[in-house]
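Protein chains: 2
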Amino acid sequence: MLNKFCKKPLWECSQTLSLVASGAKKADLVILGAKLVNVCTHEILENTDVAVAQGRIACVGNCQSCIGENTLVIHANGKYLAPAFMDGHIHVESSMLSVGEYAKAVIPCGTSAIFMDPHEICNVLGLDGVKYMLEDAKHTSLKAMLTTPSCVPAVPGFEDTGATVGPKEVAETMTWEECVGLGEMMNFPGILNADEHTHAIVGETLKAGKIVTGHYSLPETAQGLNAYIASGVRCCHESTRAEDALAKMRLGMYAMLREGSAWHDLKEVAKVITQNTIDSRFACLISDDTHPDTLQNKGHLNYIVKRAIEEGIDPVTAIQMVTINVAQCFQLDHDLGSVTPSKCADMVLIDDLENCNVTEVFIDGELVAQNGKMLKTFAPYDYPAKAKNSVHLDLLTPENFRIPATGASVKIRVMEIIPARVGTFERFETMPVKDGALHADVERDVLKVAVFERHRNTGTVGYGFVKGFGIKKGAMAQTVAHDAHNLLVVGTNDEDMALASNTLIACGGGMVAVADGKILSLVPLPIAGLISDRPLEETSEKVQNLEKAWKEMGCTLPSPFMTMALIPLACLPELRLTNRGLVDCRTFQFTNLIVE
Amino acid sequence: MLNKFCKKPLWECSQTLSLVASGAKKADLVILGAKLVNVCTHEILENTDVAVAQGRIACVGNCQSCIGENTLVIHANGKYLAPAFMDGHIHVESSMLSVGEYAKAVIPCGTSAIFMDPHEICNVLGLDGVKYMLEDAKHTSLKAMLTTPSCVPAVPGFEDTGATVGPKEVAETMTWEECVGLGEMMNFPGILNADEHTHAIVGETLKAGKIVTGHYSLPETAQGLNAYIASGVRCCHESTRAEDALAKMRLGMYAMLREGSAWHDLKEVAKVITQNTIDSRFACLISDDTHPDTLQNKGHLNYIVKRAIEEGIDPVTAIQMVTINVAQCFQLDHDLGSVTPSKCADMVLIDDLENCNVTEVFIDGELVAQNGKMLKTFAPYDYPAKAKNSVHLDLLTPENFRIPATGASVKIRVMEIIPARVGTFERFETMPVKDGALHADVERDVLKVAVFERHRNTGTVGYGFVKGFGIKKGAMAQTVAHDAHNLLVVGTNDEDMALASNTLIACGGGMVAVADGKILSLVPLPIAGLISDRPLEETSEKVQNLEKAWKEMGCTLPSPFMTMALIPLACLPELRLTNRGLVDCRTFQFTNLIVE
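As they're listed, the protein sequences go chains A and B.
Under the working numbering, the first residue of the first sequence is numbered 1, with each subsequent residue one higher.
Under the working numbering, the first residue of the second sequence is numbered 1001, with each subsequent residue one higher.
Same shape as in the complex, but just chain A (with noise of 0.2 Å):
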């Protein structure tokens, strides 16, 4: 596959590059004396120089020849020196960051280039959203490369969404340059059952000769993972158990091994390296969803490498997982993933291994971050207003939220989260009618939930009840609620839900929580109703703000906003609403939330 992101494609330097290599011209930079990680052999190399010149390596060796007046030369002083990292599956939107802050963020710990699947912002914006995105992108070094979105919506006829993708879109961004697959295909339902749109989604990506990545997250790994690998999906990263990514392996298909700020795979999946002895080159380490805090306090890539190797993986097949094995996935290990000569210079020093403590990252060749900091700036990218008006909705009452019933008390239907999974229960309550409607009942923690189509004003709301928050008073609203982002808000009663609603409504979406008609914390997200147009430091403190005023209003879950924001996802067990009404999420069916 052809690779856009370098500085020149190779074919426009390889003269330089031949003549930089034999000294007979000089290069642009030289880093001597390193310790050079080979994720080619899997060794390490003592006292290696590496040579580049237009953005890429032209020698690695001994490179003193290439040394000239204008060489910027870099002592390594005896650190390694390895590929820069590469996440083979990720949400920019997950980290509520533009993709020029994500990348700000990203690329001091080692990242040179992330596979992004931009599917929440396309789910309220279409194709648009993410050229916006891919737009921002350029705006930076990251090498951000599109992996089109798959599933908008995520549950077709289950609920409504600003925009949807199909094989006619798919077959369009096919051509983008920026594009090199297709986003995590999540309906594996559709792969298995052989059904034509699904598949011509993917035939659709195969026909370009582009990679199609996988989401696979059911136990059986005989029959069904089969089936959908057959479909021509390469990747996955929903494994949990070791043995799911060990028979994912086995049929050719990348295990991209997680570690997410909510999904903590790598304690298990990690076995599948440490407790066999197999080849380990279609292993990979991704985050899929990282939040800002764990950006900050944390880091990304070194993070995870560092744990791979807590969890007992060798430092270099670790570094493998984020560079040569991700390249080899994606068939762009022409250009990326290796220090060797022709490749793209995008190289980190480590000072320290067995912590992946990265000092310098260097991109087509410029030192752009030291000591975890930015060096290089980036301009900023101004979103358009259409990403910036996206909820579209009439500004609520608390009329808005009464859910009318006869008769003295009803049996429901209520949605139990469950702590720290992302599955739900249904489970059932008899709840009173009080002025011919339903209402919260804080002492048994059942709390009203209502979902509003915000994409088109439809005027569509799902109402239901949801148990397990702990909230004792108040409500919370947030345009962050999975794969459709419509307005979702929780609440003890009417008139702080239609508050908390209102005030995402007038600042473009985002997350909120409000007490007694007063707002306590809130993160306006305008890009999308899901990015914060502001840096990092800002609002990860926000969203730390917010978790606060959860834990005020007696909820002690741990990111409880995250657990919120998938009360619609209705591909998930057991009981979700969406905007248009509860959905069985067992049979795939409407049902009533009134049961007698």
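Possibly wrong hints are sitting among the right ones.
Stated by the list, open to error - Below, a list of computed lysine-lysine pairs in the DSSO-like style, where the Cα atoms sit at most 27 Å apart:
(1) A:168 <-> B:1008
(2) A:207 <-> B:1025
(3) A:131 <-> A:376
(4) B:1207 <-> A:8
(5) A:376 <-> A:8
(6) A:207 <-> B:1131
(7) A:434 <-> A:473
(8) B:1467 <-> B:1548
(9) B:1008 <-> A:207
(10) A:7 <-> A:373
(11) B:1207 <-> A:131
(12) B:1271 <-> A:35
(13) B:1207 <-> A:25
(14) B:1207 <-> A:4
(15) A:207 <-> B:1026
(16) B:1376 <-> B:1008
(17) A:7 <-> B:1207
(18) B:1138 <-> A:207
(19) B:1207 <-> A:26
(20) A:467 <-> A:434
(21) A:168 <-> B:1007
(22) A:4 <-> B:1168
(23) A:207 <-> B:1207
(24) A:207 <-> B:1004
(25) B:1035 <-> A:271
(26) B:1007 <-> B:1025
(27) B:1004 <-> A:4
(28) A:551 <-> A:298
Stated by the list, open to error - Which chain A residues face chain B? A few, computed with CB under 8 Å, are given here:
(29) 62
(30) 252
(31) 279
None of these hints come from the bench; they were simulated from the model.
C-beta: ideal position from N, C-alpha, C; glycine also.
Use these hints to put chain B onto chain A, whose structure you have.
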């Protein structure tokens, strides 16, 4: 990269494959109870089934439910099941067989795919010759992928060929669906010196997103090798020492370890794997040049895998080196190189792993060979008249071999061949002048040589003398004369030299030995003067007869016609003869026969 070498593109059959994997549709073929050689994880997995539909693998594991009433069921009975073998670098012309006959020879050995560089025929017939071979290949099950000849002529300015290949021709072939890359870039001086034309040939390949294969035969593995790889060359089969192969792998170059008929590199280069504890993903096993008797008596990649195992390489590693590693080198691993769902069902059954004894061969899911015999028959391809009429020379007379000289004696330059080596030495001899001309001297083993341009009947001819063959009578002629393949004649007297020449002119080329006015042995190679139109057995027998004739005439070298064929190859040291005259290959200048 897209791959057209499959029964159906994946996107046309992915629905069927998914349904077969899940048991909803039935497979065309199921192999039961094999020991799977898993090249992805480097494991042998007991009791594994494989289900195939539409020529591709649908399921690997337990495939009982994929069996229907029309499913062909084969019981592996505990045999090993591996991906079929792929030869990453091969010149079919060396076998003197048409591609059809070559396919019949190698498929029963377990070969499903070759990456062929038809630079011999291209020197004679240009891209038309390449097209003929591709057309021939299409009549067979063998996946004959083209790497476009990169160096035609091999040594520009020093010889006349039937065609030239430049960047324009390379660009044209990159649009051909059979083309997966560029053939061995032998002109490493052109790369190292940043020659525009040479880099453009590479560049046109890179622009097309295809693979540049290499040829770097220097023992220098520092700046020169870096300069070579920096141009974008991805693999090289010219390592004869383990340290050369290691240097290449460390620089991200695929080291293609060779065991050809004449080049027995493996004993030495296998040590790169056996004497290091490195990741072997950048190593492949290839044949380069295989003669008919090797194919007949030893085999193809099955023999080379066996040899690798004999040298101490782990059997699964050796099989990776002819399957997944080759597929990854050419970025075709999404379609080829592993027994995993979605891939082409190119597979072998092996009953004895150490000896790599292949008993069944499947290509695109079809059982095409069994117990060393082809089961499938191929419609023969008839090469067009242009291919069979490539010796454009008028009949010669003894007078055409006369080398005039004056005086009583002269000192001349003589090429001395080195037994079992490709080089020659420059020697000097003082020769008597008789009848105003120079003659061969059998006593001193100094034979006359002439090279006649035979592509355009330009009348150019080069004369010289050679030492080392030990021939006591008669003459030999051949149109296999690297790389320009002009008419090359060696002999003791002008009459026999004319007879040998005219014999080949009459039959369209080949190899011949004559003595005392009689033809002792003739190998007709009517296709381009390089390739037989007869079956392997017949061709092999004729070549053996020719070797016998050489022996009868006094030559004790093994395969002396091979050594003879290199006399015109002006890129090898020290002294060579082309149709334009004697070339000093140390200075790359023409030189005189008569010194004083």
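Exercise. Does residue 1004 (chain B) pair with residue 4 (chain A) here, judged by a C-alpha cut-off of 27 Å?
Worked result: Cα-Cα ~24 Å, so holds.
Exercise. Taking the closest Cβ pair, is residue 252 (chain A) under 8 Å from chain B?
Worked result: holds (3 Å)
Exercise. Under the criterion that the straight-line Cα-Cα distance not exceed 27 Å, is the pair residue 467 (chain A), residue 434 (chain A) satisfied?
Worked result: Satisfied, since the Cα-Cα distance of roughly 20 Å is no more than 27 Å.
Problem set entry | residue 1467 (chain B) paired with residue 1548 (chain B) [C-alpha distance capped at 27 Å] | holds (20 Å)
For this session: Would you mind confirming whether the straight-line C-alpha gap from residue 1207 (chain B) to residue 4 (chain A) stays at or under 27 Å?
Result: holds (11 Å)
For this session: Take the C-alpha atoms of residue 434 (chain A) and residue 473 (chain A), compute the straight-line distance between them, and say whether it is at most 27 Å.
Result: holds (19 Å)
For this session: May I ask you to test the interface hint for residue 62 (chain A) with respect to chain B, counting a Cβ-Cβ separation under 8 Å as satisfied?
Result: holds (6 Å)
Exercise. Can the restraint linking residue 7 (chain A) and residue 1207 (chain B) be considered satisfied, given a maximum Cα separation of 27 Å?
Worked result: Satisfied, since the Cα-Cα distance of roughly 15 Å is no more than 27 Å.
Exercise. Does the alpha-carbon distance linking residue 207 (chain A) and residue 1025 (chain B) stay inside the 27 Å limit?
Worked result: Distance of about 24 Å is within 27 Å: holds.
For this session: Assess, step by step, whether the Cα of residue 1207 (chain B) is no farther than 27 Å from the Cα of residue 131 (chain A), and give holds or violated.
Result: At roughly 25 Å apart (the allowed maximum being 27 Å), residue 131 (chain A) and residue 1207 (chain B) satisfy the hint.
For this session: With a cut-off of 27 Å on the C-alpha distance, tell me whether residue 207 (chain A) and residue 1004 (chain B) pass.
Result: holds (11 Å)
Problem set entry | Distance restraint between residue 168 (chain A) and residue 1008 (chain B), which requires alpha-carbon spacing of 27 Å or less | Holds, because 22 Å separates the two Cα atoms, which is no more than 27 Å.
When held up to the earlier numbered hints, the structure conflicts with none and fits them all.
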